[in-house]
Amino acid sequence: MPTDTIKATISAATKQIKLHLMRSALGFEYSKVASVITVN
8 MPTDTIKATI
18 SAATKQIKLH
28 LMRSALGFEY
38 SKVASVITVN
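So the sequence shown is residues 8 to 47, counted in our numbering.
Simulated from the structure, these hints should not be mistaken for lab results. Incorrect hints may have been included.
As the list claims (entries may be wrong) - Below 20 angstroms or equal to it, Euclidean Cα-Cα: the simulated SDA-like pairs (lysine to any residue) are:
| # | residue 1 | residue 2 |
| --- | --- | --- |
| 1 | K39 | L28 |
| 2 | K22 | K39 |
| 3 | K25 | A15 |
| 4 | K14 | K25 |
| 5 | K22 | L33 |
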């Protein structure tokens, strides 16, 4: 069924977006910490 394919694609895309957001958040936290360490 096409709907199953669409659902699978959407769930895969959602996982990718969540991973990307998590990585971005981690990168942002890391850069904040790094800048604090560099300043001090």
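Structure versus earlier hints - violations, ascending order: Hint 2 contradicted; others consistent.
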